[in-house]
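Protein chains: 2
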Amino acid sequence: METTYKKERQKRFILPEDQIPTAWYNVVADMPNKPLPMINPDTHTPVTEDDLSVLFSREAARQELNTTDRYIPIPEPVRELYKNYRSTPLVRAYGLEKALGVKSHIYFKNESVSPIGSHKLNSALPQAYYCQQEGVTNITTETGAGQWGAALSYAARAFGLELAVYMVKISYEQKPYRRSIMQTFGAQVIASPSMSTRAGKDILTAHPNYQGSLGTAISEAVELARITPNCKYTLGSVMNHVSLHQTIIGQEAELQMHMAGEYPDVVIGCFGGGSNFSGLSFPFMRHVFSGEKKTRFIASEPASCPKLTRGVFQYDYGDEAGYTPMMPMFTLGHDFSPANIHAGGLRYHGAGTIVSQLLKDGFMEGEDIPQLESFAAGQLFAQAEGIVPAPESCHAIASAIRRAREAETQGREDVILFCLSGHGLIDMASYDQYLAGNLMNYVLPQEEIDKTTSKLEKII
Amino acid sequence: METTYKKERQKRFILPEDQIPTAWYNVVADMPNKPLPMINPDTHTPVTEDDLSVLFSREAARQELNTTDRYIPIPEPVRELYKNYRSTPLVRAYGLEKALGVKSHIYFKNESVSPIGSHKLNSALPQAYYCQQEGVTNITTETGAGQWGAALSYAARAFGLELAVYMVKISYEQKPYRRSIMQTFGAQVIASPSMSTRAGKDILTAHPNYQGSLGTAISEAVELARITPNCKYTLGSVMNHVSLHQTIIGQEAELQMHMAGEYPDVVIGCFGGGSNFSGLSFPFMRHVFSGEKKTRFIASEPASCPKLTRGVFQYDYGDEAGYTPMMPMFTLGHDFSPANIHAGGLRYHGAGTIVSQLLKDGFMEGEDIPQLESFAAGQLFAQAEGIVPAPESCHAIASAIRRAREAETQGREDVILFCLSGHGLIDMASYDQYLAGNLMNYVLPQEEIDKTTSKLEKII
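So the protein sequences, as listed, match chains A and B.
So the first sequence is residues 141 to 600, counted in the working numbering.
So the second sequence is residues 141 to 600, counted in the working numbering.
Be a bit skeptical, because a hint or two may be false.
Which copy is meant is left open, so a pair is good if it fits within one copy or across any two.
Claimed, not checked - Here are the simulated lysine-lysine pairs, DSSO-like style, with alpha carbons at most 27 Å apart:
1) 238 - 223
2) 243 - 223
3) 595 - 500
4) 591 - 500
5) 433 - 500
6) 598 - 174
7) 500 - 598
8) 174 - 433
9) 595 - 341
10) 174 - 500
Rather than coming from a laboratory, the hints here were simulated on the basis of the structure.
Can you make the complete structure from the sequences, with help from the hints?
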């Protein structure tokens, strides 16, 4: 009766608390070509730590521009709170392998077990901590699907800060539970675009009924931070210091893959602004820079918001209103308005400066996933592994499935590692729409990309 | 700058996979007074394995009546799927201790990290497995808040079974995301009472607009299983075999408390039918039976459904229509209609036979928690530990907070252990109601209890 499984197989790999990495990995120190600098839009001169610390905490600004230190210590109070959920498990996806009938080994780093349900807490905690240490009392931010906002709400509470969150309107309506979570932690949540900022008013008068985008929400949060005393702005992706904080993911994963006695041939993350992709990938990429390893890195983006595969490499703003410094990025243009797909966290026009340079230099690839393929992959994964993935993470799963099938066709047994950035338990309305057959693939005409990218100033 | 935490403190205790217990603990074998038998309502004779296996799988029926084997091996395919999420972490709640300002040590066993978000998977997997092994193709069940239904939906999928779930109507409406989760795994979900069964029709014609209860949903699921070929019924609580499967929780917790170098003075679980309370408590209770330890066990129930503290000890049915055998239980009467509180999983009229005997014999206590106190405890816990607890689990948290404050007042430093049976991320509509001040405490008049309990046949 119990002969199905002959031998005990280890499935989940978890690090003892004393082996959790105590420093973040700063990939810029090892990059053969450093990213081009962020610049001041008026003078076109590189931004300084002083410029950035008007907006961000001083320590975040320092980390943003740090190109030399390979490792940056994680402050002890942050490490203490990391222990609430770290290390997250590395899991061998035996169920998915069986469902696909492939010989490749598929692993996922399960960031969905964070109390907030995603990897976003990894950067929310240090950002809130630095603000508190510097005497800041109020912080602002934006959130797309709500994962970042929920994480920061808890982090703000943990360090005694007041938080105002601009939540992209379409998500505010599609994901009311994420709003409630933020409120349960004590944050204020405002649907964006709102009438509370000039940026919000401008877009609402130009485009009534606009459903919002991350770009607009960032403008509103930045504006509010600027006009509020003792207030800083925080961001959940795109920036170098955010990717830095997320490298805890990949550093743990490398140790855990070692426990499993394997090393990945392919590393995959879904891609919005780049935070979970970067966090998982960069620690593995050090060994590619050094020539020790040949590993493939794939960033999975929605076909409806394809900055990596169809965007241009140019200086652009991080937000819709043009409040931020200009960054060298693969971009669809800062006033590109992404389709209302259900992976709200991936609806962003540009990629961070580090990732953009790495893509340009051929260290990584972008891959476009149509919406229906992403949900089909997510449902298959849910049925095989018992975890309902976030719509964002479904893109990474879809890429992992493509790789496993390719390897099978080509007679290879690859080791495939992807990041399960979050669970989808609060995104069930999206699954409802998928199961009811109401979702579609958005085909993005080239003219739309040309329209917004042609407006960009030619700096590079 | 980093002087706040002098010394590394271990926060989470996780067992290596090879130390996860390989057998369940059958408390009945050790009980000084065995529970009275379940009886056939017509003949008043004890039910047999054959009687029970009309409804349940043969192996579940066998386990239900097993009073002699202290340990029952966990089948290997079930252990394999347990490894997807077990061991669950034992966590020292430093944040909560600090928020309360107490010297007692508070620990929680975090069952919310199961992919389904609660402890229910621990019994769903073996129940589905036994059915599959015995050639069953279809199973039915009921679900209150939806935690059990979600878990069984995944388990049914894992073992290739068709599943129909009767979901209590009030929860079907309050918690649409749980319905979607079940559907994502491929289960059919029907709001109960429904017109698809005689039991449903009877209550809907007698009480139009009835919002449902677990008792009614059980009747519907039992009826459907009876009239469907090759179909068995499964249950997420109350029965002995369910408590048995849940003892994986307490066995792990004991090993993990040992890792932490402590032993609990008090063990607490919220209480609906008894599954998470029993699962955590029974393995610790063995040492009380043997005289080695003096430990206090507290079952936290909602003040609006107080079978342990205000119910009567009598033979009663497990369901509203009277389809099940009669069980010796603390009960409010099988046609007691609990108030529409938000902890849907605790809205059940009776306690299982084992727990009822243990309560009668003074090995454990019941404690009533008003609804507002439960949510206040839940929000405090969320802000302190970052995890939004299920409304059910909030009751256990409230009891833990009461114990910690009592100990403080009395100058003691107790070690308090409670079960975080699930997270509340899908219950945010309830938190919304709480935060908006729309919830109230239900004061249950004695006449209401008398009305339903006085109708019970006097067998004991």
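At most 27 Å between alpha carbons: which applies to residue 591 and residue 500, within, between, both or neither? within (23 Å within a copy, 76 Å between copies)
How would you classify residue 500 and residue 598 at a CA-CA limit of 27 Å: within, between, both, or neither? within (17 Å within a copy, 81 Å between copies)
Between the shortest in-copy and the shortest cross-copy C-alpha distance, which are at most 27 Å for residue 243 and residue 223: within, between, both, or neither? between (35 Å within a copy, 21 Å between copies)
Classify it for me, residue 598 with residue 174: is the Cα-Cα distance of at most 27 Å met within a copy, between copies, both or neither? Classified as within; 20 Å inside a copy, 83 Å across copies.
Alpha-carbon proximity between residue 174 and residue 433, which holds within one copy, between copies, both or neither at 27 Å: within (20 Å within a copy, 63 Å between copies)
Regarding residue 595 and residue 341, is the shortest C-alpha distance of 27 Å or less found within a copy, between copies, in both, or in neither? within (22 Å within a copy, 65 Å between copies)
Intra- versus inter-subunit Cα pairing at 27 Å for residue 595 with residue 500: within (21 Å within a copy, 78 Å between copies)
Is it within a copy, between copies, both, or neither that the alpha carbon of residue 433 lies no farther than 27 Å from that of residue 500? Only inside one copy: residue 433 and residue 500 sit 20 Å apart there, 66 Å across copies, limit 27 Å.
Is it within, between, both or neither when you check residue 238 against residue 223 at 27 Å Cα-Cα? between (33 Å within a copy, 16 Å between copies)
Homo-oligomer pair classification [residue 500, residue 174; C-alpha up to 27 Å]: Result: close within a single copy only, 11 Å intra versus 72 Å inter.
In this structure, every one of the numbered hints holds.
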